[in-house]
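Q: Starting from the known structure of chain A, fit chain B onto it as the hints suggest.
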Amino acid sequence: MSSLLEPAFLHRLSRLHLVARRRFLGGSSGSRRSSRRGASAEFAEHRPYYAGDDVRRIDWNAYARLEELVLRLFVAEDDLSLYLLVDRSASLAFGAPTKLEIAKQIAAALAFVGLSGSERVAVFAFDETLSMATPATRGRRRIGAVLRHLDAITAGSSTSLSRAVDALLAQRPRPGLVALISDFLDPEGFERPIDRLLARGFEPVLFHVIAHEELDPEPGADVVLVDSESGHRVEVSLDARAIRAYRARLDAFCAELEGHAKKRGLFYARAETRLGIEGAVLGYLRGEAR
Amino acid sequence: MGLLSPASLAWLALLAPLVALYVLRRKHQLRVVGSTLLWERAVRDLRAERPFQRLIPYASLLLQASALILAALALARPSGVGRLPDGARVVVVVDTSASMAIRSGDGRSTRIDDARDAIRALAEALPSGGTLSLVEASDEPTVSLAPTRDPAEIRRAIAALEVRGVGASIEQAVALAQERLRDAPSGSRIVVFTDGGTDEATTLRAEVPIEVHRVGTEVPNDAIVALDVRARPSDDHPDRAEIFARVVRFADAPAARWIVASLEGGGVLASRRVELEPREPLGVTMLADLPPDAEGRPGFVRVTLSRDDPAGAADALALDDVAIAPSPAASRLPVFLVGDAPASLRRALLADRDVEPYRTTLEAIAARAAEAPDLELDGLVIYTGRAPDAPPRGDALVVAPTTDRVFGVALGASEEGARIVSWRSDDPRLRFVSLSDVALDSMRPIRGGEARALVETDRGVAAASLTHPSGEVTLLGFDPDRSTLPERPSFVILVRNLVERARAHRAEGGIPSARLGVPLRVVAPEGTEIDVRAPDGGRSRTRARSGVSLVTIPAISGAFEVRVGARRLVGLRNLLSAEESDPRARARFITQGGEGADVAGQAAATREAWVYVALALLLVLALEALWATRRGAT
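These protein sequence lines map, in sequence, to chains A and B.
If you count the first sequence from 1, position 22 lands on 22 in the working numbering, and the numbers rise without skipping.
If you count the second sequence from 1, position 292 lands on 582 in the working numbering, and the numbers rise without skipping.
Wrong hints could be hidden among the right ones.
[Stated by the list, open to error] Quick partial rundown of chain A residues pointing at chain B, CB under 7 Å, derived from the structure:
id: 1; residue: D222
id: 2; residue: H232
id: 3; residue: L257
Keep in mind that the hints were calculated from the coordinates and are not lab data.
Glycine included, every Cβ here is placed at the ideal spot set by N, Cα and C.
Okay, chain A solo, but in the shape it has when bound:
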């Protein structure tokens, strides 16, 4: 097993399932209600009989009462597609532990839950574009391969969430859950890629990874802050006023991201590097509104 997940945590995860607020058409039968009608044991509705329908589905009790042939339709149960988009840009290498470690742990936890629930899971890492993708897979036995793949993800270059989403959509994947695990510090913004996913029938789930050092920067004298992705430099005196101004900007950014998610009925969770992933992941899996 990978070092990404603790056994005790895995044990707790094994009893949980992925939460999707939408219904998706599955690729194969599974345990999740589908948007189409199928052959599960769960009654869905009646509809008039037409020639050619399966006569075994005629509700004879209804015919006795109504003298009209109607069919009994049942809910179909499909599997769910989970796409894990893990940000591997250079900014994720910041913090102790790094944000990338946390992102990979979240992805591992979601993959574990998904594969345990017979969902279809695909992992994508991205920086400027998609890379290091694993083909969609299902089945508990595939967990090891997925975790090894996650282990192998290393920090890349600059972030482009938009291009990553565009590249994902270009592959015409089956609609499903898209777990965006990122710090969302993309100069091009986070709104467009999220809205693009929604428009194409996906349900984005946002895991916002923040390093403790970003939340509480260390004060100091005059410093030059160097952007780990672009190399851009900002001269600033790290006095109390500057730190106050930064925190205000950070709070505004988080509130903006969370507000964007809430407005669209999406799940949003913040994962701080020092606090670990349990709060964020369990919060999602338990269906807690965030």
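A: Using the frame of chain A, we list chain B on its own:
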């Protein structure tokens, strides 16, 4: 606004290394962060909130540069005056004492030059309707410019300002200025420019504001502060004289100097190289033979103070590097005995080998005067019994007059058995003389007139002094032979004092020696041309208006040669003042009784802007300290 020490602005050159050091030192610590996206926005917020935020990284440099600029400005000693209310009257009191001729360290200007520049700036700042007047404070205050607003007239008066003499009568000058500002409109004030070269506190009383501006800086100066030439004859050297000079070095370091004594218009008599310690007076004695010239007159001894290198930089004050004194009186003083002089008096005169007695009569003198009007009796004239109507030119002694009036002074009837009860011991003629219990068999009391009593008896004045433009007359209302006076040693001393005084007056050529800048007092008939040649070769001519003419002369040390007709006179002028030669600013100014007047203490008296600049400097330093301790605090 002007700068009293503009050379100090050179300190601003330190800005270059300061900036260089700061640039080299200012290496920011690099810190890698995940993204600077939010930091950029935060910095934008800070700059929008405080536009000067961008300057904060350079705040320390800016503060230090400001401190340096302010320090250089303070050292440059900015001074000046602000705008005055319309119609305000300004009276400028200028110290024109000799110390104002002290040159600055670079030798380019004197203190009086600096004062002129400051007054010009003041004149340019005059408000509309305002007037400016000048009062010169030298030995006595004089108004050199009546209140005027005419720029050309003001410029001329400022240009004419020069050192006048010894002593700065600042107190009296301010009092005079106050008199001129009586009922002056608001904003009027008195502005004093002085180098503060007086030892005593100066009390300034005025009902208007007084500003005291100090000019000049402290520079090394060597000075002759005393000079005396006395006869020290011996059998081998009858004309031997002792030249005594006292010199002082007003500086912080010792130096070697040459003291040279020479005969005015002649060669070097003696010289001495001396080591001068800072502010320690050094007495130098030199011996020289000083024979009288071809006309039997004594010469003048000129003493100069010079450096080893004659071509080197000049001394800060040239006026005190030279002094002149008459040589001891000619070895034999002619004494004309007119009439039958008392035997005791003749004996006392004959005991003095430097006296050449001549016996003559009034008639013989009158006959000689008729033959040669310009030829006068050149010595001490002693009249016994009778005296002429007018006193002779020079000193005279009248003994036991027989007429009722002598030179305008009345004599009373003869009194018998008088005793001397008092005498003026402060008179040079009675120096070291004791007349107690001297009995006079008979005497004629001297009464009224312009005579000043010298000796008084219980019957009236027995001896008196009468001063006339060209000399002084000593009047004895008794015959010494008919008194107990010749029995006393004081009689010989009295005669000796009379002879020495006559000798001194004769040596001076009739014009008393005086301090620097004092006008020459020349006795000359009305209409006579008086030709004056200054020690620096400058000449001036004037015409006598009355019996005594006061001839204004420049403040130069040395011998002023005066020609009045066929007569040649010499007037000596010396600085010889340690107070004037000391270049330090020592004056303390105290303002009294003036409503709204500035408290002119030692610090406030300067009224220079450097005080305010220094305060600003302290403020900047405090800000720098605050910044250095508070920066980066959370």
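Q: Determine for every hint whether it applies to the structure shown.
A: Structure-based check of all given hints:
1. Of the supplied interface hints, the one on A:D222 holds, with its beta-carbon coming within about 5 Å of a beta-carbon of chain B, less than 7 Å.
2. Given hint, A:H232 at the interface with chain B, holds; its Cβ is 5 Å from that chain's nearest Cβ, closer than 7 Å.
3. With a least beta-carbon distance of about 12 Å to chain B, the hint placing A:L257 at the interface is violated under the 7 Å criterion.
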